[in-house]
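Enquirer: Sequence:
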Amino acid sequence: MAGWRRWFSYTVEGMDHLRTHECKFVVGYHGRPLAWDLFMLGAEIHREQGYLPLALVHRNFMNWPYLRWLTEGLQWSTGKGPTLDNAIREGRHVIFAPGGASEGLRPGWVRYEVDWRGLGYLRLAISRGVEVVPVAASGVDDAYFGLFDSERAKQRLAIKNGDAALWAGLGPLGLYPWSPPFPARVHQIIGRPIVPVIPKPERASLLGDREALQALHERVQARVQELLDLARVRAGVTPLDPPWNKHRKTLRTLAGR
Numbered sequence: 142m143a144g145w146r147r148w149f150s151y152t153v154e155g156m157d158h159l160r161t162h163e164c165k166f167v168v169g170y171h172g173r174p175l176a177w178d179l180f181m182l183g184a185e186i187h188r189e190q191g192y193l194p195l196a197l198v199h200r201n202f203m204n205w206p207y208l209r210w211l212t213e214g215l216q217w218s219t220g221k222g223p224t225l226d227n228a229i230r231e232g233r234h235v236i237f238a239p240g241g242a243s244e245g246l247r248p249g250w251v252r253y254e255v256d257w258r259g260l261g262y263l264r265l266a267i268s269r270g271v272e273v274v275p276v277a278a279s280g281v282d283d284a285y286f287g288l289f290d291s292e293r294a295k296q297r298l299a300i301k302n303g304d305a306a307l308w309a310g311l312g313p314l315g316l317y318p319w320s321p322p323f324p325a326r327v328h329q330i331i332g333r334p335i336v337p338v339i340p341k342p343e344r345a346s347l348l349g350d351r352e353a354l355q356a357l358h359e360r361v362q363a364r365v366q367e368l369l370d371l372a373r374v375r376a377g378v379t380p381l382d383p384p385w386n387k388h389r390k391t392l393r394t395l396a397g398r
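Take the sequence shown: its letter number 162 is residue 303 in this note's numbering, and every next letter is one higher.
If you are wondering where the hints come from, they were derived from the structure by calculation, not from laboratory data. It should be emphasised that the depicted structure is a prediction, and the values quoted were computed from it without experimental measurement. A few of these clues could be false.
Claimed, not checked - Computed spacing ranges between beta-carbons, pair by pair:
#, residue 1, residue 2, range
1, G377, V338, 34 to 42 Å
2, Y192, L314, 29 to 37 Å
3, S150, G315, 32 to 40 Å
4, D350, G191, 37 to 45 Å
5, R351, G270, 34 to 42 Å
6, A299, R160, 17 to 25 Å
7, N302, R333, 38 to 46 Å
8, A143, E163, 46 to 54 Å
9, Q296, G259, 31 to 39 Å
All C-beta atoms, glycine included, are put in the ideal place defined by N, C-alpha and C.
The whole structure should be built from the sequences, with the hints applied where relevant.
Expert: Right, dumping it as structure tokens:
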């Protein structure tokens with residue numbers, strides 16, 4: 142992680158929102174193709190607080206030797222169960238990237254747009270009585286230029302395995318994963334908790350109210366989008382967007398997205 146920090150010139154603000162002995166669910170944008178800033182945030186929490194936070198990652202991580210090594214070495218988990226229960230009980234923060242592969246494996250002309258389709262992180266936070274803390278960073282979509290949209294490519298190729306990861310991106314020395322990422326400037330902002338601890342008597346009714354859950358979910362998404370835009374301004378990378386952005390509409394049309 143130290144190498145990544147230097148490569149991406151990583152900086153972070155708002156760590157005071159995580160300086161607590163109580164577990165927080167940290168939810169962030171999924172960069173391309175990896176959640177670079179969330180990995181580095183985990184290392185920052187370890188440096189400051191002396192423990193590794195739990196990160197819930199996609200089960201496909203176990204299929205790639207390097208990602209499997211990261212998952213096992215950093216004590217991440219591919220599911221819920223006792224691992225999550227222990228983290229909450231011990232006061233360890235838990236890191237989520239709710240956008241997952243659908244957000245992280247997009248084409249290079251779809252950038253810095255929060256797209257969270259599931260409510261799982263929110264249901265977990267409410268049911269377990271944990272606050273939700275939003276986080277976002279600049280640079281995470283500039284590490285590689287995605288050549289196509291993974292979901293659309295799987296549809297066109299009639300790949301029915303939902304866990305299959307089909308994506309290609311360009312780095313400075315060629316294709317991912319053989320090329321290192323571009324040294325994008327990653328500045329991360331951690332916001333104030335946006336979802337409080339819901340009192341026990343109110344949890345069941347809230348979990349059963351789809352409209353209320355969706356409204357809360359959209360509020361979280363909107364805040365992460367605000368932090369995403371702000372982080373890029375703070376890092377000095379906006380409005381200096383990549384040159385292909387002026388052809389964004391054409392690229393979207395040609396690629397079907």
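Enquirer: Work down the list of hints and note, for each, if the structure agrees.
Expert: Evaluated hints:
no.: 1; hint: G377 - V338: 34 to 42 Å; in the structure: 37 Å, holds
no.: 2; hint: Y192 - L314: 29 to 37 Å; in the structure: 35 Å, holds
no.: 3; hint: S150 - G315: 32 to 40 Å; in the structure: 23 Å, violated
no.: 4; hint: D350 - G191: 37 to 45 Å; in the structure: 39 Å, holds
no.: 5; hint: R351 - G270: 34 to 42 Å; in the structure: 20 Å, violated
no.: 6; hint: A299 - R160: 17 to 25 Å; in the structure: 49 Å, violated
no.: 7; hint: N302 - R333: 38 to 46 Å; in the structure: 40 Å, holds
no.: 8; hint: A143 - E163: 46 to 54 Å; in the structure: 28 Å, violated
no.: 9; hint: Q296 - G259: 31 to 39 Å; in the structure: 19 Å, violated
Going down the numbered hints, you'll see the structure goes against 3, 5, 6, 8, 9, while the others check out.
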